[in-house]
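Enquirer: For chain U, the structure is supplied; the task is to place chains F, B, L and H with the ligands on it using the hints.
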Amino acid sequence: MKTAFDKVSVFLVKVLTLFSLLLLSFIIIFIFKEGYTFFKEVPILKFITGTTWNPTGDPKKLSIFNIILGTLYVSIVAIVIALPIGIGCALLLSGYVKERPRLIIRGFIDIIAGIPSVIFGFIGLMVLVKFFEKAFGFASGESVLAGGILLAIMVLPYIISTCDETMDKLYRAYSPVAQAMGISKIYILRTIVLPQSLRGIAAAAVLAFGRAMGETMAVMMVIGNAPIMPKLLGKCQTIPSLIALEMGMAEVGSLHYHALFAAGFVLMAILLILNIALYYVKRSLDR
Amino acid sequence: TSQGADVQTNSNKENETNNEFKAEMTFNGSSTLAPVITAIATEFIEENTTWDKVDSSFPDKYISIYVSAGGSGAGVKAVIEGTADFGMLAREVKSEELEKIGDAKVYKLGVDALTISINPENPLAQLRDNLTTEEVKKIFAGEYKYWDELDSSLPHREIVVVIRDLSGGAHEVFQKSVMGDTQIRPDAIQSPSMGALVTKIIENKDAIGYASYGMVNQNKGKLMPLKVDGVEPTEQTIVDGSYKISRPLIVVKRGELTAPQKAFMDVVMSEKGAEVIEEMGFVPVK
Amino acid sequence: MMKRIKSVMFALWICLSFILTIASGSFVILYIFIKGFKSVDLEFLLSNPGGIPIGTEGGVFPAIIGSILLMLIAIVFASILAIATAVYIVFYCRSQRLENIADAIIQCMAGVPSIVLGLFGYSVMVVTFNMGRSLLSAGLTLGLMIFPFIQVRVEKAFQEFSRSAINASYSLGVSKVYTIFKLVLPQCRRDIVSSITLAGGFAMGAAAPIMLTGAVIFAPVPKSLSSPVMALPLHLYILANEGISMEKAYATALVLIALLIIINIFAMTLTLWRKEVKR
Amino acid sequence: MNVLELKDFRAYYGSKRVINNLNMAIKKNKITAIIGPSGCGKSTLLMSLNTMLEEAEGRTEGQILFNGKDVHSISKEEVRRRIGIVFQKPTPFPFSIYKNLTYAPIYYGVKDKKRLDGIVVEKLKISGLYEEVKDEIHGSALKLSGGQQQRLCIARALTVEPDVLLLDEPCSALDVKNTANIEKMLMNLVQDYTIVIVTHNLSQAKRISDYTAFMLDGELIEYDETHRIFTSPQDNRTKEYIEGIYG
Amino acid sequence: MNVLELKDFRAYYGSKRVINNLNMAIKKNKITAIIGPSGCGKSTLLMSLNTMLEEAEGRTEGQILFNGKDVHSISKEEVRRRIGIVFQKPTPFPFSIYKNLTYAPIYYGVKDKKRLDGIVVEKLKISGLYEEVKDEIHGSALKLSGGQQQRLCIARALTVEPDVLLLDEPCSALDVKNTANIEKMLMNLVQDYTIVIVTHNLSQAKRISDYTAFMLDGELIEYDETHRIFTSPQDNRTKEYIEGIYG
Ligand SMILES: Nc1ncnc2c1ncn2[C@@H]1O[C@H](COP(=O)(O)OP(=O)(O)OP(=O)(O)O)[C@@H](O)[C@H]1O
Ligand SMILES: Nc1ncnc2c1ncn2[C@@H]1O[C@H](COP(=O)(O)OP(=O)(O)OP(=O)(O)O)[C@@H](O)[C@H]1O
Ligand SMILES: [Mg+2]
Ligand SMILES: [Mg+2]
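Chains as they are written, first to last, in the numbering used here: chain U, 119 to 405; chain F, 31 to 316; chain B, 802 to 1080; chain L, 818 to 1064; chain H, 818 to 1064.
Just chain U, with the same shape it has in the complex:
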């Protein structure tokens, strides 16, 4: 028996999905289209392998190799810091924290996730960057590391909430049986929950990585925005911050303007590659 409501719902679901996917594809095409104008003038290979970015010089030099590296570097540092902390925290939450306190802690973590990046940026500049200058005697604390740490704090909530859901389900399903054999919670978490949530963790990592790579305002405040070869303790530039910094000023329709879109397109391509990689990782985990 299929009611009219059913039919309408199914229809709506399909239409809305189609609409969403078309809309998203449209955005992607839009970015590609704006970037494509640029690629007609500057070959894509030169764009991503050249190291000089100087939109005001004459002739303009518009290549973003350093900036791609900077983007990846900052995000990797962020994930390397945030992933272990996030996983650890999620494990503790699923194994040791009862229903209600957990809900409250999750709420707290959600709140951290909601703090606007402008605020993170300023705190980063006033606290983190200054700390580097004071504690390590750097001339300037703006660095890949500062950006990485700040981003780590920002993506941590995403990692925790993604992992926690998976882990909680696993823990609930298997802990009674294992505990009945006298096995400690720690061991259950370590040998069942952790390995079985690898898929979830991989997904969380990619999600967080995407967030980190796309983050603009906060990163912009603490990395120095210098389009040079990134070093852990040196300044760097990332694609989103490049776009945000220069888009407001770039003359519409100029080569510079299209170059910024091209950079956005490169960012998206990186994410796509990452997701394809995740897909294969997941598949090999399934075996």
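Possibly wrong hints are sitting among the right ones.
Unchecked claim - Subject to a maximum C-alpha distance of 25 Å in a straight line, what follows is the list of computed DSS-like cross-link-like pairs (lysine-lysine):
#1 845/H <-> 824/H
#2 930/L <-> 942/L
#3 930/L <-> 906/L
#4 132/U <-> 983/B
#5 179/U <-> 124/F
#6 235/F <-> 138/F
#7 833/L <-> 400/U
#8 1001/L <-> 1056/H
#9 248/U <-> 839/B
#10 178/U <-> 151/U
#11 216/U <-> 303/U
#12 1023/L <-> 983/B
#13 179/U <-> 164/U
#14 1056/L <-> 1056/H
#15 175/F <-> 248/U
#16 928/L <-> 893/L
#17 916/L <-> 960/L
#18 994/H <-> 906/L
#19 847/H <-> 1023/H
#20 994/L <-> 1056/H
#21 960/H <-> 906/L
#22 960/H <-> 833/L
#23 52/F <-> 1024/B
#24 916/H <-> 287/U
#25 1056/H <-> 847/H
#26 916/L <-> 906/H
#27 274/F <-> 206/F
#28 844/L <-> 1001/L
#29 928/L <-> 942/L
No lab work stands behind these hints, which were simulated from the structure alone.
Expert: Using the frame of chain U, we list chains F, B, L and H with the ligands on its own:
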């Protein structure tokens, strides 16, 4: 359905600009200028509320003036695409841009100077209050990497150069009036805003950067502006052009002003507008 | 012995992680609280911004309302699309390939910098569709930004929902739609509400996408969907970045975080209340 | 008359075949018991009959006829409503007992509160659960004991008034009293319904079923009237299996 | 000798009491069967015995003595290792069969690959699963049939070599052959272990147990040697319950 209705009213408005009264106007562009226009607009609205109070020939519609900030480039873009009535710029309008706008009207409201500022705790502050253009150039180009290269009595500490983003209005002015063909050192810190640049100088003893004259006035004592070639950045020197590193604050518009627009722009260009501009720390054009 | 060491290390790891998480989060919140606390009072909450430059005096009332409205539009738009897409992918999509393509598109979107989305919203909604710089354009742009975010999490919740309960429902001859509406959605409500809340907070805190599409430096409380609005993050951004008033900037940040906390408590009671019903 | 008919039926999980070339017809208004060692494919067969196997990531080949029509030519919902199933592992919905039982009736359009109440009480009584849970009818079904959950699932399957009822070891978690109740219930129901029951309890099969099918390693070894299977099995393997009875 | 002793024992879920003032002693190296209608508290009692009830959000009052010592004075892990339990619903870990069986031994310090292999094979053989799965020992345990999963869980419980084995309806999903195997296994094990088994199958209780306890509504009605319970029950309710047998 509400979406459709809105589009409707909106396009209606577009069609009616010529013959019917438009109670609304929009500004978009430079975030330096945006607070100035906003301040004037708020006062204007508070004083009059409805248009008929401004001029009795106007209908009694509520005054709406919206100001948004997306950067100078976005301001020009908005005018070209017709999404804003006015564009605000903190730099000169380029000729290509004028061409694209077509029938462009340009209003110069004031001037903002860039001061070469350092942290007051920097030993240089005790030593001298002046740099030559040549020295500024060498510092920003990275030829001087340590303070003791500038003057041997200074400590051997790295110079931290803070600039605005390379393609921004402020930087363009600096590049043109100081650097010429010389490139800025690539590892200079690019601050995303004047506020961040000033904060950086306030927070870091070794920092040097070009802070906006307005910002220096707002943060008196927290950072120290230096003379360049012996010329101190003051209202006087900025207006008469003897202090070189400055940029204009401009509003552009396509086509003639409508009556209400004119009424508002008159206030902006008046003595009262100048007061606000001055209060914000910029130098009004007399 | 090895087992002991491993266990101790493991325990140490998860405890430290937890402490670090709580500490870093508390630090950020406390920092803003301490810096902003002095300047927040009822007047700040309920009056329009004022002073020269604007924001040095007065309050943030229109920005609070503006932000809430923007968030509502964004989450309504995004969650309808996102939940529908998640439902389709989990329950209706038969082709693994389509699923992969959809996933790839959505993940791609998740990484588009928000400023670029703002440009998209500007070109398409403001210019092409002639919607103007408005509450609606800005809200929809924010909706685009949070769409992938909600979609990914809701899809995950569906995917992890007990297969056997779903099968039990199918075996009663009950249609998919009914199963989804009466069994899956109510049971995943907590995950759905929490991802929408999270996304709502995310939308409320974003400055870049609304800068070009509808947020202005000053506007009274909007009268219709086509009016431009003030928003807290942009206000904060201008205050802080133009160096207008750090004090007011922190106060604005505090208001923003307080709003987030309220929304989260609201969501929490929604889900807790559900637990009571179960008993 | 045959309600269900299997023709050259095969079932797979992935590439692993678990049911092999099965031909079988299930008689209307009779109880058919399926017996066989653990892992021989009884549950798989049962799930195939109301097309639930595809939801469990299985795959079938060959034909299943329901009242002479290929089940795949009828809508899935229709097939599943008319052929009810109770799974081996009880899976109550995470709702209250009441909502578990009204879930499907509401779907089929019963709106009247009184009628819903009536259905709940009736089905709870049939499954012998009424006395035990009548005070907690709005409490969570997940808090019931294993046997109670199983009986709830049987009650739930009956709420849609199916033509055929497939039961996968419905009594394995039940005590004697409830088993007796269920058996009595089945023997009553069989006047209106067709019942297929998988059971490990040979005496149960003997007691209640009219026909018995013996499966081994995915094949149907023997299928006949129950008394013949238990008194004079034709196949040696059947005989061996039956004689394993003791106690 | 009494391995386990319950004194004035009560168990609650929230404020609901499900076991009421129970006194009982379980004899070493004997099989004790617990029978009673569904929902009377058998599973709850079993879970209390190795302190697992508290993990299921239950609460106990009164004393449980294990070899004369209060179980709460011994570490939980110790109690649970020495008193193994197999739950009513089989829940294999989402690992391979091999890893399911080596999981606990590795935890308790067995490292030698050969010894682990030995344990796996031995326990699989005891539970009658070896022949069926020997080729898929590294395949996922989740793909086993219901009965196979249950036997795997029994095998897994044995891998920690407990003193006492608590079984909650271990044979409810098993066919006759495997039931016979398990019963045989239990009767062998009882020389070294103490076994408590909850069963709905009265003939099974009769066949294998030395003592039988009959519970009703959370109370212990009668507890005696099995043959006396089945031949001359003292309490009328026991008698009625036993006589419910038929077929
Ligand atoms: N989801 C699955 N994927 C792969 N193989 C499966 C799956 N489910 C069952 N099998 C295999 O199919 C065969 C038949 O399983 P089925 O559950 O039908 O047996 P059964 O006769 O019901 O056994 P039992 O009496 O133990 O429940 C078994 O060998 C089992 O291992
Ligand atoms: N988690 C729980 N919360 C609340 N009540 C529960 C919970 N688990 C069981 N109960 C209730 O406690 C009583 C005893 O349950 P228990 O599982 O011990 O019964 P049982 O004798 O094992 O029954 P069965 O033979 O059906 O498995 C039942 O009335 C049941 O509804
Ligand atoms: Mg089965
Ligand atoms: Mg039980």
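Enquirer: Indicate, hint by hint, whether the structure satisfies it.
Expert: Results for each hint:
At roughly 17 Å between alpha-carbon atoms, residue 845/H and residue 824/H fall within 25 Å of each other, so this suggested pair holds. Restraint check for residue 930/L and residue 942/L: the C-alpha separation of about 18 Å stays at or below 25 Å, so the hint holds. Restraint check for residue 930/L and residue 906/L: not satisfied, since their Cα atoms lie roughly 30 Å apart, outside the 25 Å limit. Distance check on the hinted pair: residue 132/U and residue 983/B sit about 19 Å apart at the alpha-carbon level, within 25 Å; holds.
A threshold of 25 Å between alpha carbons decides the hint, and for residue 179/U with residue 124/F the separation of about 20 Å falls inside it, so the pair holds. For the hint pairing residue 235/F with residue 138/F, the CA-to-CA distance comes to about 36 Å; that exceeds 25 Å, so the pair is violated. A distance of roughly 23 Å separates the Cα atoms of residue 833/L and residue 400/U; the hinted pair therefore holds under the 25 Å criterion. Restraint check: the Cα-Cα separation between residue 1001/L and residue 1056/H comes to about 21 Å, which is no more than 25 Å; the hinted pair holds.
A hinted pair counts as satisfied when its Cα atoms are at most 25 Å apart, and residue 248/U with residue 839/B qualifies at roughly 24 Å. Of the supplied pair hints, the one linking residue 178/U and residue 151/U holds, its CA atoms being roughly 21 Å apart against a limit of 25 Å. Of the supplied pair hints, the one linking residue 216/U and residue 303/U holds, its CA atoms being roughly 14 Å apart against a limit of 25 Å. Of the pairs offered as hints, the one joining residue 1023/L and residue 983/B is violated, with about 40 Å between alpha carbons and a cut-off of 25 Å exceeded.
The suggested pairing of residue 179/U with residue 164/U holds, with an alpha-carbon distance near 10 Å, which does not exceed 25 Å. Of the supplied pair hints, the one linking residue 1056/L and residue 1056/H is violated, its CA atoms being roughly 35 Å apart against a limit of 25 Å. The straight-line distance between the Cα atoms of residue 175/F and residue 248/U is roughly 21 Å, inside the 25 Å bound, and the hint therefore holds. Of the pairs offered as hints, the one joining residue 928/L and residue 893/L holds, with about 24 Å between alpha carbons and a cut-off of 25 Å not exceeded.
A hinted pair counts as satisfied when its Cα atoms are at most 25 Å apart, and residue 916/L with residue 960/L qualifies at roughly 14 Å. For the suggested pair residue 994/H and residue 906/L, the alpha carbons sit about 21 Å apart, so the restraint of at most 25 Å is met. Between residue 847/H and residue 1023/H the CA atoms are separated by roughly 13 Å; this keeps the pair inside 25 Å, and the hint holds. For the suggested pair residue 994/L and residue 1056/H, the alpha carbons sit about 13 Å apart, so the restraint of at most 25 Å is met.
Of the pairs offered as hints, the one joining residue 960/H and residue 906/L holds, with about 14 Å between alpha carbons and a cut-off of 25 Å not exceeded. In summary, the hint linking residue 960/H to residue 833/L is supported, as the alpha carbons are separated by about 11 Å, within the 25 Å threshold. Proposed proximity of residue 52/F and residue 1024/B is supported: the alpha carbons are some 17 Å apart, at most 25 Å. At roughly 20 Å between alpha-carbon atoms, residue 916/H and residue 287/U fall within 25 Å of each other, so this suggested pair holds.
A threshold of 25 Å between alpha carbons decides the hint, and for residue 1056/H with residue 847/H the separation of about 23 Å falls inside it, so the pair holds. Restraint check for residue 916/L and residue 906/H: the C-alpha separation of about 23 Å stays at or below 25 Å, so the hint holds. Between residue 274/F and residue 206/F the CA atoms are separated by roughly 10 Å; this keeps the pair inside 25 Å, and the hint holds. For the hint pairing residue 844/L with residue 1001/L, the CA-to-CA distance comes to about 20 Å; that is within 25 Å, so the pair holds.
A C-alpha spacing of about 21 Å is found between residue 928/L and residue 942/L, which places the hinted pair at or below 25 Å, so the restraint holds.
Checked against the numbered hints listed earlier, the structure breaks hints 3, 6, 12, 14; every other hint is satisfied.
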